[in-house]
Amino acid sequence: MGDRVAEFAIAASALATVIGIVLVFVFVLREALPVLTNPEVMREANLGKFFGPGPWQPVSDLPRYAFAPLLVGMFKATLVAVGTAVPIAVLAALYTSEFAPRAARELLKPVVELLAGIPSVVLGFFALIVLASVVQGVTGSQSRLNALNAGLALGFAILPVVYSVSEDALRAVPRSYREAALALGASPWQTAFRVTLPAAWAGIFAAVMLGVGRAVGETMIVLMASGNAALVSLSLTDSVRTLSATIAAELAEVVVGSPHYATLFFIGTLLFAVTFVLNVLAGLMVDHMRRRLAGA
Amino acid sequence: MAIRQAALDVLARPAPGPSPREFATPRRRAAQAGWNVLWTGVTGLATLWIVLIVVVILGTVVLGGWRTVTPTFLFKNPEQGMTAGGIFPAIFGTCALVFLMIIAVLPVGVLAAVYLHEYARASSPLTKLVRFAVNNLAGVPSIVFGLFGLGFFVQFLGRGMDRAMGLDVVFGQPAILWAALTLALLNLPVVIVATEEALRAVPRTAREGALALGATRWQMVRHVVLPQALPGVLTGAILSVSRGAGEVAPILFTGAAYYLPYLPTSPTDQFMELGYHVYVLATQSPDVERTLPLLYGTVLVLLGLTFALNFTAIFLRAKIRRGMGLGDTA
Amino acid sequence: MTETLAMTEPTTAATAATAAPVAPRPASRMTASALPAPVQGDPAAPGRIALTVEKLSFFYGKSQALFGVSLAVPERSVTALIGPSGCGKSTLLRTFNRMNDLIDGARVEGVVTLDGEDLYRPGVDVVDLRRRVGMVFQRANPFPKSIYENVAFGPRMLGMKSGGEMDDLVERTLRQAALWDEVRERLKDSALRLSGGQQQRLCIARSLAVDPEVLLMDEPASALDPTSTAKIEELVLDLKARYTIVVVTHNMQQAARISDQTAFLMQGKLVEVDATSRIFTQPRERLTEDYITGRFG
Chain A
0 MGDRVAEFAI
10 AASALATVIG
20 IVLVFVFVLR
30 EALPVLTNPE
40 VMREANLGKF
50 FGPGPWQPVS
60 DLPRYAFAPL
70 LVGMFKATLV
80 AVGTAVPIAV
90 LAALYTSEFA
100 PRAARELLKP
110 VVELLAGIPS
120 VVLGFFALIV
130 LASVVQGVTG
140 SQSRLNALNA
150 GLALGFAILP
160 VVYSVSEDAL
170 RAVPRSYREA
180 ALALGASPWQ
190 TAFRVTLPAA
200 WAGIFAAVML
210 GVGRAVGETM
220 IVLMASGNAA
230 LVSLSLTDSV
240 RTLSATIAAE
250 LAEVVVGSPH
260 YATLFFIGTL
270 LFAVTFVLNV
280 LAGLMVDHMR
290 RRLAGA
Chain B
0 MAIRQAALDV
10 LARPAPGPSP
20 REFATPRRRA
30 AQAGWNVLWT
40 GVTGLATLWI
50 VLIVVVILGT
60 VVLGGWRTVT
70 PTFLFKNPEQ
80 GMTAGGIFPA
90 IFGTCALVFL
100 MIIAVLPVGV
110 LAAVYLHEYA
120 RASSPLTKLV
130 RFAVNNLAGV
140 PSIVFGLFGL
150 GFFVQFLGRG
160 MDRAMGLDVV
170 FGQPAILWAA
180 LTLALLNLPV
190 VIVATEEALR
200 AVPRTAREGA
210 LALGATRWQM
220 VRHVVLPQAL
230 PGVLTGAILS
240 VSRGAGEVAP
250 ILFTGAAYYL
260 PYLPTSPTDQ
270 FMELGYHVYV
280 LATQSPDVER
290 TLPLLYGTVL
300 VLLGLTFALN
310 FTAIFLRAKI
320 RRGMGLGDTA
Chain C
0 MTETLAMTEP
10 TTAATAATAA
20 PVAPRPASRM
30 TASALPAPVQ
40 GDPAAPGRIA
50 LTVEKLSFFY
60 GKSQALFGVS
70 LAVPERSVTA
80 LIGPSGCGKS
90 TLLRTFNRMN
100 DLIDGARVEG
110 VVTLDGEDLY
120 RPGVDVVDLR
130 RRVGMVFQRA
140 NPFPKSIYEN
150 VAFGPRMLGM
160 KSGGEMDDLV
170 ERTLRQAALW
180 DEVRERLKDS
190 ALRLSGGQQQ
200 RLCIARSLAV
210 DPEVLLMDEP
220 ASALDPTSTA
230 KIEELVLDLK
240 ARYTIVVVTH
250 NMQQAARISD
260 QTAFLMQGKL
270 VEVDATSRIF
280 TQPRERLTED
290 YITGRFG
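Chains as they are written, first to last, in numbering that gives the first Met the number 0: chain A, 0 to 295; chain B, 0 to 329; chain C, 0 to 296.
By construction, these hints were calculated from the structure, which means they are not laboratory data. If you're wondering where the values come from, they're calculated on a predicted model, not measured in any experiment. Don't take every hint at face value.
Label-pair ranges, simulated between beta-carbon atoms [as the list claims (entries may be wrong)]:
| no. | chain 1 | residue 1 | chain 2 | residue 2 | range |
| --- | --- | --- | --- | --- | --- |
| 1 | B | 265 | A | 63 | 41 to 47 Å |
| 2 | C | 184 | B | 208 | 40 to 46 Å |
| 3 | A | 276 | B | 123 | 22 to 28 Å |
With a Cα cut of at most 30 Å, we get these calculated BS3-like pairs of lysine-lysine [as the list claims (entries may be wrong)]:
| no. | chain 1 | residue 1 | chain 2 | residue 2 |
| --- | --- | --- | --- | --- |
| 4 | C | 187 | C | 61 |
| 5 | C | 268 | A | 108 |
| 6 | B | 75 | A | 108 |
| 7 | C | 144 | C | 187 |
Where a beta carbon is used, it is the ideal one built from N, C-alpha and C, also for glycine.
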């Protein structure tokens, strides 16, 4: 086979990745553009309406497109997810990298990979059928499907990534720091909390950001387990609807080209932008940490 | 020298104030030991909690579904308005979907990884751009891929093809082709990363040997590097299949359907799919009690499939890593 | 100060064992044992024994790194451990503060004592041991914190609070390490900005801050330039007024310059230990002589 042909294919494939991500952004934005450029669409749905107060009622005689309830829902669910998953993941990462015998680490790695391999639709099913009843029993809440339920299942979904990245960060701290601390008469936990963890903080921060990004973008779990009611409330046991689930729930019924359609694509663009920024930041943090430790 | 004298003075004098030594009382040492036990316990419990989560989820699925999953279940069609029977079309649809996906993603992913590892210069802006693109592609939410599939493949490409070929609505609608291509883009990073890992494992000596014989770079890659990297590439392929079978959001609007009286035989057909089936059955079942066993069964089949694939990939990867030490014996 | 090594006829091991000790055996809390005669560092000080090893064998899993080593280290003196690479001198050093425990499969047979207490008996507080026996590593490893925080780390771990006393302690230990004048204006700066030699002196100060009894130094100057090395050597000589010091070095001239007693190890066995002045001029063992004269590396 001609070298030229092969090398062309190789370069084309590499470029395909770049083109791919650009296309994703462009074509999601394209369908969303009417809310920024088309006056007729903008009468119903525009930036002011999105970020102003009001309910989310796209399907009604007087359509209302305020994101506020969706943002509140996303915030609540993500808060529960991060609040439950991050401490557990980081503590477990501390255990396997600082305290545990090697056997424990070898056991946990495949378990975490197993958890990572569970499709989110299965986690959503679990939350809907099993977890919701348990949560309702414990909290005695009115709605069976709510932010707490979805948040817990979201927590399961982000556990693997937060654990893996945190553990990598902790193990990247040079052994010499640990040895120096222990040789000074610091106890193992003092070493872990006063030397290793601070040295790894950038990596752990990156892990949390990746977790948040994953929680924000996750759709199936929230779709199945949160109740999908676009309410604004502070209670975690109320049903919520998030940005991502809104797209999934409403796109099927929407008329192509309508303001509702464009709005849903706009939400998609928003999600893309948010997760993009989080990923870039996380990448910068990891680089920063690597450089700082390499300088030692 | 004044400094040395100062040092010697300090060394000679007894230290004023409490020596740190005095802080090391037995009581304090016991407290330290206590803290150690506490923190080891807390972190150990966190680890155990993760294991518990996995065990409980898997356990409920297995316990709830093992009775349903019989060979008939796997090979029969759904009956009685989807409240009984089997899930064969969903299994078939899933297989067809990932098959199409693999055809699309594997060549592009492998070649892109070849570019990154064999051809690219680390400092070139193009390389950095490609790496950036791969990293960020991996972070895009799956629903956004779904939107992209709808907006680009179905609306733009599909409609465009229909118009160009003078057809009515053939390509410009949800179809297994578009769903597969959407999944292919979603899984591109998975294949690229796994292939790169495989390429890295091929020892430099193998490459140098080929080049020293006068082979071109592509010949070296094709005849020496890629064959040795094959197991790693396979790992990436298996992982992408596993992910492709499990992701539902990207196919919600690009071709998945709940009930179809036919199996997908053409790229423009819609299809039933395991994950989508779980979603609909769980949220929109007409008779929850009757369909619950079906739901559990479908979930079990889906989980079984993804785990079997993941285990194979992990096993392969472990085998490759163990065999790396022998790579140099040519 | 290179000594001309006048070689006498090599003597056998038997005659070596009957060589008369230099000074009367000091009283110590140990029972009588077949330890080689300890060497007095400072004639003014009566010289107790601070550290001992008795028939110490050390194993990394299946492979053995030390074979029945016996040695006594007098307090407030400098003992040097020399030998070709891989001879076990670092391993021996690390048994004194049980840093070897960090390695999977590490196993000890024999007795190691500090002030007469067996360090490896069950129930020993290893954390406290490591405070009493400090260690300075081959490559300076200051924490990625400020200079002040590096020195204050040990005392903080012991429970000392910030304040005037902490400031005094930091100043005192930096003076002991002959580093105070160089860093007094920038205590809050990152320790990583110091030069290699300064970082190593900072690590020494850091170890001194917890008021240890013994200071172990694993090739402390091997990664440094000659000027910094000279400063470190000077420091060691000054510190022995207060601390017991054991130094591992591959540089024989260094051992000759700074130590009172030198032990020569090879392939995990203690070949010879004697007063530094004697071991370099009249070594008893043929192997020692060969090593010192450079017949093998």
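Results of checking the hints against the structure:
1. B/265 x A/63: 41 to 47 Å: holds (42 Å)
2. C/184 x B/208: 40 to 46 Å: violated (59 Å)
3. A/276 x B/123: 22 to 28 Å: holds (25 Å)
4. C/187 x C/61: violated (47 Å)
5. C/268 x A/108: violated (42 Å)
6. B/75 x A/108: violated (38 Å)
7. C/144 x C/187: holds (9 Å)
When held up to the earlier numbered hints, the structure conflicts with 2, 4, 5, 6 and fits the remainder.
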